[in-house]
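**Q** With these hints in hand, go ahead and build the complete structure from the sequences.
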Amino acid sequence: DTGVSQNPRHKITKRGQNVTFRCDPISEHNRLYWYRQTLGQGPEFLTYFQNEAQLEKSRLLSDRFSAERPKGSFSTLEIQRTEQGDSAMYLCASSLGGRGLEKLFFGSGTQLSVL
Amino acid sequence: DAKTTQPPSMDCAEGRAANLPCNHSTISGNEYVYWYRQIHSQGPQYIIHGLKNNETNEMASLIITEDRKSSTLILPHATLRDTAVYYCIGDQGAQKLVFGQGTRLTINP
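Protein sequence lines correspond, in order, to chains V and P.
For the first sequence, this note's numbering gives the first residue as 10, with consecutive numbering after it.
For the second sequence, this note's numbering gives the first residue as 44, with consecutive numbering after it.
Since the hints were derived computationally from the structure, they do not count as laboratory data.
Keep in mind that the hints are not guaranteed to be accurate.
What the hints assert, rightly or not - Straight line, CA to CA, 30 angstroms or less: simulated DSS-like cross-link-like pairs of lysine-lysine:
no.: 1; chain 1: P; residue 1: Lys112; chain 2: V; residue 2: Lys80
no.: 2; chain 1: V; residue 1: Lys66; chain 2: P; residue 2: Lys46
no.: 3; chain 1: V; residue 1: Lys20; chain 2: P; residue 2: Lys139
no.: 4; chain 1: V; residue 1: Lys112; chain 2: P; residue 2: Lys112
no.: 5; chain 1: V; residue 1: Lys20; chain 2: P; residue 2: Lys112
no.: 6; chain 1: V; residue 1: Lys112; chain 2: P; residue 2: Lys139
no.: 7; chain 1: V; residue 1: Lys80; chain 2: P; residue 2: Lys46
What the hints assert, rightly or not - So these bits of chain P aren't anywhere near chain V, every CB distance computed over 10 angstroms:
no.: 8; residue: Ser71
no.: 9; residue: Ser104
no.: 10; residue: Leu123
Positions of the beta carbon are idealized from the N, C-alpha and C atoms, including for glycine.
**A** Right under this line is the structure:
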């Protein structure tokens with residue numbers, strides 16, 4: 010079990026630039042989630058995929074955010090025209106979705122700083 | 044999803060049992076109680092979950108009151124590595140966990 014892998018671990022960008030993060034889930038997991046976490050707060054749900062289908066998006070996910078999971082394996086989260094308010098930890102999680110309960114396995118996150 | 048209430052912070056001495064309370068008075072009959080923890084600079088880690096009965100695994104025990112309005116997570120012999128933020132979550136199926144602010148547990152030597 011190699012766990013959920015996220016790259017990069019840290020990203021510093023200037024306001025207005027685009028950034029893309031990658032998440033590699035645990036290989037047999039069909040569900041993949043993106044969360045965002047700011048300092049002192051719990052993680053906030055952004056979106057989730059079952060295989061390649063994006064099944065739910067939070068209202069927090071503005072038009073500048075887009076997530077993909079093209080082949081049902083890895084996923085990317087892109088933020089266009091970054092703003093300082095986008096500075097946060099972006100967490101990816103995966104699970105083996107089915108009829109029953111699921112445990113979410115989280116990666117260590119990508120820390121984004123927008124200057 | 045049930046709203047949960049946890050104390051913002053707690054302290055516990057190393058080697059003692061850490062008992063973390065959670066109120067979930069609005070929990071519905073088919074909602075499970077999940078506990079996750081987050082150690083500094085890491086993603087959250089699943090600990091345990093339960094519906095009605097008390098549960099125990101290698102990490103912790105979960106005691107749920109008979110009316111299901113509250114629960115307690117027990118770390119039987121806390122170590123310094125258990126210092127973390129602990130989240131109690133009520134959810135029907137874990138498809139979209141909603142995290143609150145959790146309890147910051149500090150284990151003191």
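**Q** Each hint: holds or not?
**A** Each hint tested on the structure:
Distance check on the hinted pair: Lys112/P and Lys80/V sit about 42 angstroms apart at the alpha-carbon level, beyond 30 angstroms; violated. Between the alpha carbons of Lys66/V and Lys46/P the distance comes to roughly 21 angstroms, so the proposed pair stays at or under 30 angstroms and holds. For a cut-off of 30 angstroms, the pair hint linking Lys20/V to Lys139/P stands: about 26 angstroms separates their Cα positions. Between Lys112/V and Lys112/P the CA atoms are separated by roughly 22 angstroms; this keeps the pair inside 30 angstroms, and the hint holds.
With a C-alpha separation of about 42 angstroms, the suggested pair Lys20/V and Lys112/P falls outside the 30 angstroms cut-off, and the hint is violated. At roughly 11 angstroms between alpha-carbon atoms, Lys112/V and Lys139/P fall within 30 angstroms of each other, so this suggested pair holds. A threshold of 30 angstroms between alpha carbons decides the hint, and for Lys80/V with Lys46/P the separation of about 35 angstroms lies outside it, so the pair is violated. Every Cβ of chain V is farther than 10 angstroms from the Cβ of Ser71/P; the closest lies at roughly 15 angstroms, confirming the non-interface assignment.
Distance check for Ser104/P against chain V: the nearest CB is about 17 angstroms away, which clears 10 angstroms, and the non-interface claim stands. The beta carbon of Leu123/P sits about 20 angstroms from the closest Cβ of chain V, which is more than 10 angstroms, so the claim that it is off the interface holds.
Going through the hint list in order, the structure does not satisfy hints 1, 5 and 7.
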